[in-house]
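Q: Chains D and U supply the protein sequences, listed in that same order.
Going by this note's numbering, the letters in the first sequence line up with residues 1 to 210, in that order.
Going by this note's numbering, the letters in the second sequence line up with residues 211 to 496, in that order.
No lab work stands behind these hints: they were computed from the structure.
Just to be clear, a hint being listed does not mean it is correct.
[What the hints assert, rightly or not] Coverage of chain D stretches by chain U, computed from C-beta distances (three or more under 8 Å per stretch; other residues unrestricted):
no., stretch
1, 106 to 113
2, 158 to 164
3, 191 to 202
We treat Cβ as the ideally placed atom computed from N, Cα and C, and that holds for glycine.
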Amino acid sequence: MSSHAARAQSQPEPTAPQPGRFRWRVVDIVVASVVAVATGVLFWIWSSSWSAMSVPFAAFPPAAGLLTGVWCLAGPLGALIIRKPGAALYCELLAATVSALIGTQWGPQVLISGFIQGLGAELVFLLFFYRRFGIGVAILAGLGAGLFLGVSENIMYNVEWAFTWQAVYTVTASVSGALLAGLGAWLLVRALAASGALSAFAAGRSAREV
Amino acid sequence: MSATTMVEGTTAAPSGAGVPAPGTDLLVPVRRRTLMVRTHPVVKLGCAFAVTLTVLLSVDMISAGVLLVALLLALPFSGLDMRVLLRRLWPIPVACVLSGYGTALLAPASGTVLVDWGPLGFSTGSILTGVAIAMRGMVLALAGVLVFATTDPTDLADGLAQRLRLSPRFVLSALAAFRLVGLVIADWRALSMARRARGVERARGPVGIVAGFFALAAALLVQSIRRGTRLAAAMEARGFGGKHRSWARPSLLRPRDAVMPALTVPLCALAAGLAVSLGTWNFIFL
Chain D
1 MSSHAARAQS
11 QPEPTAPQPG
21 RFRWRVVDIV
31 VASVVAVATG
41 VLFWIWSSSW
51 SAMSVPFAAF
61 PPAAGLLTGV
71 WCLAGPLGAL
81 IIRKPGAALY
91 CELLAATVSA
101 LIGTQWGPQV
111 LISGFIQGLG
121 AELVFLLFFY
131 RRFGIGVAIL
141 AGLGAGLFLG
151 VSENIMYNVE
161 WAFTWQAVYT
171 VTASVSGALL
181 AGLGAWLLVR
191 ALAASGALSA
201 FAAGRSAREV
Chain U
211 MSATTMVEGT
221 TAAPSGAGVP
231 APGTDLLVPV
241 RRRTLMVRTH
251 PVVKLGCAFA
261 VTLTVLLSVD
271 MISAGVLLVA
281 LLLALPFSGL
291 DMRVLLRRLW
301 PIPVACVLSG
311 YGTALLAPAS
321 GTVLVDWGPL
331 GFSTGSILTG
341 VAIAMRGMVL
351 ALAGVLVFAT
361 TDPTDLADGL
371 AQRLRLSPRF
381 VLSALAAFRL
391 VGLVIADWRA
401 LSMARRARGV
411 ERARGPVGIV
421 AGFFALAAAL
431 LVQSIRRGTR
441 LAAAMEARGF
451 GGKHRSWARP
461 SLLRPRDAVM
471 PALTVPLCAL
481 AAGLAVSLGT
491 WNFIFL
């Protein structure tokens with residue numbers, strides 16, 4: 001029933017042909033934006049929720065890779081909800097921009113980071129032709145984003161570390177991405193679908209059938 | 211930089227989430243409408259990227275030092291409230307010193323070894339590299355502050371859509387969603403207080419923090435997506451996403467917009483050129 005409402009809402013012109021599977025409707029764009037903004041706020045909350053435990057992580061920086069998965073959350077989350085090409089890239093980039101706009105600690109380089117991490121997730125969904133959005137693909141997308149984060153930070157920021165520590169950081173960031181961003185996004189979307197909030201999206205409809 | 215801990219300068223809210231009251235101005239307020247404030251946002255973003263790329267491409271004290279001095283000198287011309295700036299932004303130097311410390315600890319030893327813990331330790335060479343990393347972090351953060359704190363998101367969106375020709379549907383949706391930031395923060399506070407009222411204890415330990423974070427994140431996203439779906443219906447009802455679109459605020463480039471690039475580009479060239487000619491340029495891809 002809600003799928004009817006959503007479809008009617010998404011097509012202002014009744015004569016328009018059935019929009020392609022890959023075409024973004026207005027509701028897709030707006031909800032992707034809202035999800036990205038909320039995730040940008042979550043980035044900021046996430047970092048402040050660890051402030052009490054930041055000392056051990058700061059003492060041994062490669063361990064901090066374990067916390068970086070949440071920076072990759074927006075990509076898998078956006079793609080799992082919207083299921084359109086570019087959703088992961090768009091959401092991650094916008095979430096990074098929001099965290100820069102509200103945080104002030106992160107400069108323009110966070111936009112570069114957002115692009116790279118979004119790309120890592122996007123490529124995984126592309127690999128499955130935007131047809132599979134299950135738990136396995138979600139974890140792979142989180143892993144991809146975490147891997148891209150680890151490698152890119154090793155090039156941009158950890159460039160002077162000994163190779164061993166760069167390797168440790170890449171592994172911790174990838175594991176963190178797979179768990180916090182991949183599995184985390186999948187669990188979040190499952191909870192969102194159960195709440196009925198995704199009734200305008202394929203993600204919400206397929207959850208109801210299962 | 212995204213991995214560095216971001217410490218919030220404002221006092222912790224009663225919810226304990228470290229989130230300031232909704233409506234609290236997160237950015238440093240602009241006191242004077244200086245040239246930097248009035249420069250076209252896309253031009254300003256371009257200047258910030260020029261500085262960012264210059265400083266990112268090399269880890270050395272000369273290029274980072276030149277840009278750091280220049281940005282510190284530029285601070286008074288930003289029109290930002292200096293007292294608020296200093297109060298809000300003390301975490302930046304802290305984070306930069308920490309990242310410098312990390313590099314000094316983890317870089318291969320060179321020069322005189324001061325502390326040797328096997329693969330870890332400090333040497334004169336690694337400490338100097340750490341100082342360069344810290345200076346670089348300061349440049350990146352200051353470039354971000356100067357641009358983002360002096361830019362109105364609405365102007366930036368107008369500029370991105372009209373001058374850079376990015377898709378107006380995406381840019382304006384992003385702007386509309388960004389307007390909800392205050393509501394999202396208020397939602398988070400309400401949700402965490404509701405959780406406390408129900409008797410759910412404050413999360414402890416790494417697993418507790420992660421589980422608590424995701425439980426509240428799910429509730430926050432439900433609220434946001436419901437709001438976004440309504441927003442989309444309202445925007446579409448007003449014709450958003452149609453074929454033709456006009457602009458309430460034309461985003462125009464003016465002669466004064468040339469001033470910042472005319473200062474920034476030679477400055478970046480000077481920083482990189484000086485480092486190269488002094489032999490300190492240390493390209494990150496090599």
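Q: Determine for every hint whether it applies to the structure shown.
A: Evaluated hints:
Coverage of the stretch 106 to 113 of chain D by chain U holds in this model, with 7 residues showing a Cβ closer than 8 Å to a Cβ of that chain against a need of three. Note: the stretch 158 to 164 of chain D has 6 residues with beta-carbon separation from chain U under 8 Å; the three-residue rule is met and the coverage holds. A stretch counts as covered by a chain when three or more of its residues have a beta carbon under 8 Å from one of that chain; for the stretch 191 to 202 of chain D and chain U the count is 6, and the coverage holds.
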